[in-house]
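Bring the two chains, given one by one in their own frames, into a single complex with the hints.
Here is what each chain is made of, one letter per residue.
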Amino acid sequence: MTSELSQRLLQGDKRALSRLLSLVENGYPEGRQALREIFSHSGRAHIIGITGPTGSGKSTLVSGLAREFRKRGHTVGIVAVDPTSPFTHGALLGDRIRMQDLTADPEVFIRSMATRGALGGLAPASNDVVTVMDAAGKDVIMVETVGAGQDEVEIADTADTTVVINVPGTGDDIQAIKAGILEIADILVVNKADRPGAGIIAKQLHIFMAPSRNEGWEIPIIETVAHRDGGVPDLTDAIEKHHRYLSQSGRLDEVRRQRARRQLLAVAQGQLLTRLLASAEATGGLEALVEAVARREIDPHTAAERLIGEPGG
Amino acid sequence: MAQEQKVKIVIAKPGLDGHDRGAKVIARALRDAGYEVVYTGIRQTPEMIAETALQEDADLVGLSILSGAHLELFPRVVQELKKRGMDDVLLFGGGIIPREDIPRLEEVGFKGIFGPGASTHDIVEWVQKNASARGAASRS
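Order-wise, the sequence lines are chains B and L.
Take any residue in the first sequence, note its place counting from 1, add 1, and you have its number in the numbering used here.
Take any residue in the second sequence, note its place counting from 1, add 5, and you have its number in the numbering used here.
It is possible that some hints are incorrect.
What the hints assert, rightly or not - Quick look at which bits of chain L chain B covers, simulated, 3 or more residues with Cβ under 8 Å:
id	region
1	40-46
2	49-57
3	60-72
4	77-87
No wet-lab data here; the hints were simulated from the structure.
A quick note: this is a predicted structure, and the numbers were derived from the prediction, not measured.
Here a beta-carbon is modelled for each residue, glycine too, at the ideal position from N, C-alpha and C.
In isolation and in its complexed conformation, chain L is listed as follows (with noise of 0.2 Å):
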């Protein structure tokens, strides 16, 4: 059978945001960059958002936040990911996060952070340029 070598990542929304369009519309644009992308949906804790990572082998997650909470929220998505043993998964987060907030959520593991302003393109560019599939030989 040939290998293949699929980059898969998680989108998702922490906290209690109503709606979800810009995930989807993220979603939607990876997918048509070649991505194989699993979308949760609203409403996640970041509980949930770590076992989809973990179940679906995550290589990618991305975060989706309007609430302002994401101090709160993204270093928990990434406490929980660790107690599952997935501290090798690349995170980016988008939404209404202000400039100044950025180096705290770099401090934790988030390598891009688009705010504001950020086009679709601009995020494709950035997984395109930092994604990488786990392959074989990575650790577990």
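Same shape as in the complex, but just chain B (with noise of 0.2 Å):
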């Protein structure tokens, strides 16, 4: 049976998606059950990550990509994540700010995330948030990281299309040949192209561009300068080639097989963690290994064989 939240989710019912969402988000057993019963209805979505240093314009970016979304005739979904605090544990979500106008058109739908402590670059339950928005009906769902540096490369994991963005004056050359983020992008952006040093962006980029992770597919450099929406149409028009070619070329199936493999095992993972803990606790074992390693009677190795092995042990 189907819940009624469910069943007005699949009706396109707003309030319905917005509370699913935080159920989902705030990991209660109803948002499992919804997700249980809507994940067929999913997998429809073209997914798109955006990704770039704090400051790069992604918001204003995500607010141009929508509206020529629109214009193209398309729903939008948006996921935007920002920093969760690791001292107070509060968030200030402000991507908004830069989306104003979107909210006055009711076939676009945003919803801000806090990381809530995951290192990534998104929050822990980002990816079950665009299963609920997929199953909604949006057409396209963009995912804002927060303010990315060199290692928050999850996005990859969780988008079709990953979209990195770069702007003038953050370093030099080497900046391009070092491993992580620039490596997970289908399509590269320079914004703020209008900037000073734009250009030699570009060209380090072409320069240094990692090879295409993908067989036939090069990745582009587009310039845009995002507050006056330059270059988005043909951002747009990127994005678009490239999911055309994962369709066309079975890339599609394959990346969404590898990421059904990655959200399985870590589904599992946080599970078996769980319940691993709840047990320790329990029984105290946990406690009572933590001090053992503090006091470097046993390495921290030998302490999680014990508590897998016998937890409480």
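Here it is in structure tokens:
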């Protein structure tokens, strides 16, 4: 039996979508039940990841892309992630400031999320939140990461198409050949292309760019000036072209199979840990092992073996 | 997965105020008190504020206003929230609001009104005392 909330979601009820996103984000059993019910309705959306450093114009670009996708007749979901404070666990979610005019469009749905301790640039429930928006019938779902440094590469696991934004004035050409965030790009953007140094960045990216992870796809470098929508139609073209490439080459199936494997393993890992901790906490075994490691009586690896082998022992 | 009871607060500025230092200070103080705070920027219409509260599934909405149009705009935000089925949101507001206007704002549903002289501490304390996350059982 499908719950009332799931039914309303599938019929396009916004209040149901908004409530379900919270239930899923906060890990409630009702959220998991809904995911079970709606999962077969997901898998239709084109999921686009937008990442880049703090202040590179991610929100402004997402806003411009949303307008362009709407012009082309697509409905849009946006997941905007901002960091949680490691000290107070509070968060200031400010991405909507750059997306104000989208609020008037009934076919655009924006949800802000806090990272809640996750380190990969996304929030822990990002994938589930995308699934719910997908089942709600959004054609295009954009996921905007936190301001990313070099290593926040998790977005490439979530998105079909990953867009990495660069801006002028952020370092020399050695930055372009370091491992990490540039390697996950399906499309590279040089935003603020009206600023000095933009041409140099674009040239360096051309020369030092990592080879495409996908045969038959050449990574384009698009120059944009997001605050006045400069280059946004070109970027939208490139994103749609990448989606066509994925579908026509059969890569999309491969990408989604890999994602299914990673998601399954990640969820299983989380559930195992929860069970293990629950039983170890109940017997006090966890604290005893923590003490023993802190006093350097046993090493962490041996302690972990004991924790798993004989919880509470 | 662990369940987490996070209270989400939308801080918004209705009307034509040109600056938002006060709203940002409040947003920051609530962040430091451990809340997830969505801040939307200046020049919001009542429709935009209600739509944001809907999309974010806000538990609380706090309005900040300096222009003197609170008797006009605050009730309209309430109307727009009701239109969207969001009538269980806890509402509070602050700014240049004379004491004699408070009863009329309370009448339309505002539970906390903070006029000139209220400190961020007062507001955070009020939120801590009155806020609760919707949880799963809440009506939708």
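Tested hints:
{"no.": "1", "hint": "40-46", "in the structure": "holds (count 7)"}
{"no.": "2", "hint": "49-57", "in the structure": "holds (count 5)"}
{"no.": "3", "hint": "60-72", "in the structure": "holds (count 3)"}
{"no.": "4", "hint": "77-87", "in the structure": "violated (count 0)"}
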